[in-house]
Structures are given as C-alpha cells and as structure tokens.
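J.: One-letter residues, chain by chain:
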Amino acid sequence: MDTLVEIVSPGFLLREALIGSVLVGCICPLVGVYFVLRRMIFLGVALPQVSAAGIALAFLTYRLLLGQHQHFMASERWLALLGSLSCTLIGLLILAALAQHRETIEARIGVTYAIAAAATILCLALDPAAEAHMVNLLKGDILATTGLSLTLMVGVFGAVALLLLIFRKEFLLVSFDRDQAVIFGKHAGLWDGLLYLMIGLTISLGVMTAGPLVTFGFLVIPPLTARMLTRQMLTFSLTAAGLGAMTAFAGFYCAYRFDLPLGPAEVALASLGLAVVTTTRGLSRMLGKWQVT
Amino acid sequence: MSNTLLRLQDVSLGYDGQAVLEHISFAIERGEFLALLGPNGAGKTTLLRGMLGLIPVLAGRITYGFDRSTSPPGYVPQRDTLDPIFPITVREVVLMGTYARLAPLRPIGRQQRQLAAACLAQVGLASLADRPFWALSGGQKQRVLIARGLAVEPNILLLDEPTAGVDPGAAAAIMDLIAQLNRDRGLTVVLVSHHLRLVRSLVRSVLWIEDGRVSKGATEVMLAPERIMDIFGPL
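So the protein lines, in turn, are chains A and B.
Each residue of the first sequence is one higher than the one before, starting from 0 at the first, in numbering that gives the first Met the number 0.
Each residue of the second sequence is one higher than the one before, starting from 0 at the first, in numbering that gives the first Met the number 0.
Hints are all accurate, no fakes.
Derived CB-CB ranges, DEER-like: (1) A:Gly154 <-> B:Ser24: 50 to 58 Å; (2) A:His186 <-> B:Glu28: 25 to 33 Å; (3) B:Gly59 <-> A:Ser74: 55 to 63 Å; (4) B:Glu21 <-> A:Leu233: 40 to 48 Å.
These aren't lab readings, by the way, just hints derived from the structure by calculation.
For each residue, glycine too, the CB sits at the ideal point set by N, CA and C.
One chain only, chain A, in its complex shape (with noise of 0.2 Å):
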C-alpha cells in the first residue's frame, strides 16, 4: 500500500516514467484494435523491430555524416523519433501494399522481422560509441522518460487518440467493408494512409518510450482480451485501451514494488489478463454447454 501511494504522489520521482508507461499502454491499444480486426497481428511483431532498427539507422547515419550526436539532448530524441517513423512508416506501407498477396505474407513479415532485426544489432556493432546507451534506448528506455519526451507523446498520443475518435465510423466502414465504402465514395486509400500514419506514430514512439516488445505487447493483447469481453465497437476499443492503462499501471507498480525490469513485468500482466479472460469464457460456455444437455 505504501508504494502504491508513493508512486502516485506528486513528488514521485519517476512520474514521468510512469505517466509514459500508462500513455503507452492506453494508446498502443487504441491502434491495435485495427490491427486485430485488419487481421494485421504478425505486422505488430515486425513494425516495432522495423521501428528499433530505424532508430539505430538514424543514429549510425549521422555519426557517419555529421559526427557523434549528444546524449540525453532534446536533439537526440528527435532523431531517433525522425529515423523511428521514416522506417515503420515505409516498412508499413510496403507490407500494407503487398498485403493483398495474401499466401506469402507471413513469409514477408518474418523476413521483414529479421532483417530489421539484424539490422538493429549491426547498426550498433558499426556505433560502438553509442552502443551502450543506445541498447537502454531499444529495449526501452521508459526511466529515462523527461519532461520534453512526455510533453511529445501528450501531444502525439492525444492527437491520435482524437482522430481515431472522431473518424471512428470512417475506419470502422473502410476496415469493416471497403467495398461499401467504395460505393459511398469515400476514399478508402486516404482513410488507409491516415490510419497507417498513426499506426507509424504510435508505434515509433512506443518503441521509444517502451521499447519493442512492450509497444507489440500492447499493441495486440489488451486488445485480444477486450474482444472477448465486448460487442460493439466503441466499448471494445475503449475497453482495450482501458485494459492497457490499467496493465501499464499495475505493471510499472510490480517493476518497483518487487524490483523487476519494467516492460516484461508489464507484458506478463497483460498476457495473465488474456489468460485468465480465455479460460472464464471457455468455463462458462462449457458450463453454458453442459446446462443446456
């Protein structure tokens, strides 16, 4: 109980930290509830390591054109956010393109994924002045969350979030039935392209704030779990992003209370949440189920 009321007290001193992690878990949801209906789930494994290894681009090319850039700088949290979304974005877009070649597209994203995935850790070999500091920042460099960055997500986050709400029946009608929206003379590729912008958004600031497999956690299991508990679309994507932030908050109390690293201790929780969701339902249809014979 005494943690619970030191981390949320004014004076907390990772606040920011935790007020990112609760960010990070209330939208990566909001975003994922697309890539759950779009049928797009392995794209959130790839998209946040494509994301990673834009960072570690971002960061290699200016060493090598302008020299070694500043750590802890305003500057370099730019940077990594310019290399994060100029590479999911163009990694998104390629996938989403190819995306109607429907039998190869594991394939495509498995490739996608270990290539960034190699790309990252040679990006790195090739920065060793950086290494260090940048392996915090790939993994996820949520403690080192200040006032600036959480200034950035506010405005990122809230932007999205408000887009996503106030063109809801827009994405909800292209994602649902695009022939529909055809017909009604919406223009299904700029309702695409503009989801997939904050999709791109969202997950390069994610894997900045929380690293990749925090911002994929989020992405797709809160909103695993609020399928299973809703039946209309407004609850379920408010239900999801409901269940992130309440993971991400109890997670981060967990990761201090019982000293355990931040980002798995929140993916776990988020998993048993999902777990123990599956197993109610499957007891109750199968109670459901064995009333009726």
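Please build the complex by placing chain B on the supplied structure of chain A, with the hints as guidance.
T.: Relative to chain A, chain B alone:
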C-alpha cells in the same frame, strides 16, 4: 425526369486489364426488378461490381440516372465477404448505411438512428438491434444487410446472391421481402442469383449472362420452360 436509372453502353469489364465481359449494353428502368442469371463463372458478380463502380470499366460507358455522390446505390454483399472478427451489433451494421450521406466530421445523430431503426423494422428484425451481428442465423444476417442497403435511402438496390447459403425457408422469405420492397416502395432492384426457381416467380426481367455476352428480356420469355429445359434440364 429520365426513367432510366442505369445504362451500360458497349461496356467491357474484367480484372487486371483482362476482360471477362465485353460489349455489354443494356439499361435498367426505374422500378424494375431484374435478376442477373447465368452459369457459375459467367461473370454475374463481375457485372454487378462493375455497375457499382467497384471495378474499372475497361471500355464503354456506364451512366447513372441519379447523382452517385449524393445518393449512392444500396449494396447487399454476400455475408461471407464480411469478417466475423469484428465485435459489432446489428444496429451498428445498419447504421453503416447512413454513413453514405454523412460527411467525415458529422457524428451519427438521432436522424440516422431513427432511419436505421425504421430499416431494421422493415426487414422484421427491430427486436434484434442490440444483438451481436455474428450471433444471428444466415437468413437474419442477410436481412440485416438488406436493412443496411435500405439505410442508404437508395434509388437502386443491388444484391449479390442474397439467398446463398441460407436454408430454403429463409431464402424464400428473403426473396419475398425483396419483392415487397420493389412492389410497395417502387425500389429498383437488381440481384445476382442462382436460385432459378425462387427468382422466376418474383422478378420481372432477367439478364442472362453466358460466354461473355448478355441478353435481357421479360422473365416469362427469358425463363420460359422450354428455354430452361434447354439449359438445365427439368427443374
């Protein structure tokens, strides 16, 4: 006001630049009840998708007797083309029909909700508005999709195999509903079907598609018993 709702003039349709149907010409009049019939793979769905603007016209011209941008056609897809992963209620599906006339920043309001409720009542499923769409039977889902098509407030309703995969009783009920919409509301209806027996007693005209060509005429001529015998053998 012109009585022709849709006219195809020497139209070729197909995929990836390869024509499936060539030199198609016919017109659909206001209030018509038309069935697109023909053997499997003849191009019935291709023609329907071409009429809806879902595939590019390779040659020729399609003209509409209404403004497609403000009043798009109603469309009822085969329900199997929709993904059951979406947690969505019957009401939400029908409300999608109202999106046709809603600009991006305009929220769904009372008017849209009332229209969706009225359309749902028209297909006899008002009591199921809050049920999950995927929990319904095949026939009920098809009725919901028809309600969605009506919520567009269309000049013309185009249906792709509305009775595919539903039991005979539900199929007959769906066809009766569609015929009633045509008869009572004067709604122009075009449907793709392979249920010749069901269609024959209800539609007023038939477009027969075979070997990349089409021929159109009154049902009693196009589906005259001797013609049917030639094509299918005894029904």
